[in-house]
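Use the sequences and the hints to build the structure in full.
Chains A and B, in that order, give the protein sequences.
With the working numbering, letter number 108 in the first sequence gets 330, and the count goes up by one each step, no holes.
With the working numbering, letter number 24 in the second sequence gets 71, and the count goes up by one each step, no holes.
These are computed hints drawn from the structure, not numbers from a lab.
You may find that some hints are simply not true.
Claimed, not checked - Output of the computed footprint for chain A on chain B, the stretches with three or more beta carbons under 8 Å from beta carbons of chain A:
1) 77-89
2) 102-108
3) 133-141
4) 150-159
None of the values given here were measured: they were computed from a predicted structure.
Glycine included, each C-beta is placed from N, C-alpha and C at the ideal position.
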Amino acid sequence: DQQVKQNSPSLSVQEGRISILNCDYTNSMFDYFLWYKKYPAEGPTFLISISSIKDKNEDGRFTVFLNKSAKHLSLHIVPSQPGDSAVYFCAASGAGGTSYGKLTFGQGTILTVHP
Amino acid sequence: KAGVTQTPRYLIKTRGQQVTLSCSPISGHRSVSWYQQTPGQGLQFLFEYFSETQRNKGNFPGRFSGRQFSNSRSEMNVSTLELGDSALYLCASKRAGDSQETQYFGPGTRLLVL
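This is the structure we're talking about:
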C-alpha cells in the first residue's frame, strides 16, 4: 500500500519558470512532511519541511504548500535553475509510537530544468 | 559541522556472504535510521535506533539487523546475502528522540551482490 504517492514520474521545465511538484498521501496520522532532492549515487539532501499545523512554508526559491483536507502537498521552485535538475522525493512521518525515525517516501519525480 | 558519514561507500559481495555497514551520525544526533533504496521499491525504511535501542523496524526479514553504540554510531548487518539485496543503503540521523525534526542523510553504501 503506497501511503505517499508522487504521480508524476518526471517534469520538464524551462529555466526561469516555476516548477511544481506534487505529492499525495493517504495516512491521516502523518503530521510532518519533507521534500528531499537526490542526485544519483548520493544520499537525499533535505530541502524544506512543513508541519501539519501549517499550510505554507517558504525558504528562498522553495515553497511547500500543504492541503490537509485533500491530503496533498506541493513543492514550488521559483525561478527554476538548471542546477535544480534532480530527483525530488516527498516524505512523511507520523506522531511518535510506531513511527519512530521512520520516513515514508514517495517514488520520486525527476525534474529537468532546461537552459 | 560534519555531515553523516557512511563506510564503505562501495562493496561487492557474493551470495551467501554477510556484510556490515557503518554509519556515523551528525554530532549531537542520537537517532539513526537506515533505509534501502532500489529501483523497483524506492526508499524503504529498515530500522531506527535511539540510545542504543531499536525503536522501530520496517518490513524486512531477520537477515537484516543493526545496532547502535554509546557514541550513537550505528552498524547494520545483512547475513546470507541474496542477489536482491543489491541496493544503495542509506542512513540518516536526527537530533532528538520523539519530535519530528528533519532527518539528514549520508551518501550511502552501494552494495552489489553477485
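The hints, checked one at a time:
1. Check on the stretch 77-89 of chain B: 5 of its residues sit with their Cβ under 8 Å from a Cβ of chain A, so the three-residue criterion for coverage holds.
2. Under the rule that three or more residues need a Cβ within less than 8 Å of chain A, the assignment of the stretch 102-108 of chain B holds, with 3 such residues.
3. Residue count for the stretch 133-141 of chain B with a Cβ under 8 Å from a Cβ of chain A: 4. That meets the three needed, and the coverage hint holds.
4. As drawn, the stretch 150-159 of chain B meets chain A at 7 residues by the rule of a beta-carbon pair under 8 Å; at three or more, the given contact holds.
When the structure is compared with the earlier hints, no violation turns up for any of them.
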